[in-house]
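A.B. asks: When the sequence shown is numbered by my numbering, its final residue is 1133 and no position is left out of the sequence of numbers.
None of these hints come from the bench; they were simulated from the model.
Here are the computed lysine-lysine pairs in the DSS-like style, where the Cα-Cα straight-line distance is at most 27 Å: (1) Lys1079 / Lys1109; (2) Lys1055 / Lys1091; (3) Lys1079 / Lys1066; (4) Lys1076 / Lys1050; (5) Lys1080 / Lys1066; (6) Lys1091 / Lys1050; (7) Lys1079 / Lys1055; (8) Lys1109 / Lys1080.
Computed from a predicted structure; not experimentally measured.
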Amino acid sequence: MDINLYIEGLRQSQEKTSRQKDILDTWEEIQKVPFDRQTAIKQAKKNKLNYSNLREKTSPMFVIGTRPWEELYDKDICLNLQWQLGVLVEEEMSGSVKT
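The task is simple: from the sequences and hints, build the whole structure.
C.D. replies: Structure representation (structure tokens):
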């Protein structure tokens, strides 16, 4: 499924789960122009705190786990949010409820 269609469907939904709200919040952070580094870091940290699966899975950007958020490039932060979004959407669509 196209992520844009999925996001639009979530936006139209009257009632959303916490994870669905976090998916939308993460999507909005990725789409912001100009990129807001501080709110992006806040969303990424929130996602990692709220969803154990994001702590258990290894991000393809190994640097994320080895350096403080404040030392990462904006591109790395955005890539991490994209990875988190992919994991959350995949699990939401498969019906997994891991938090």
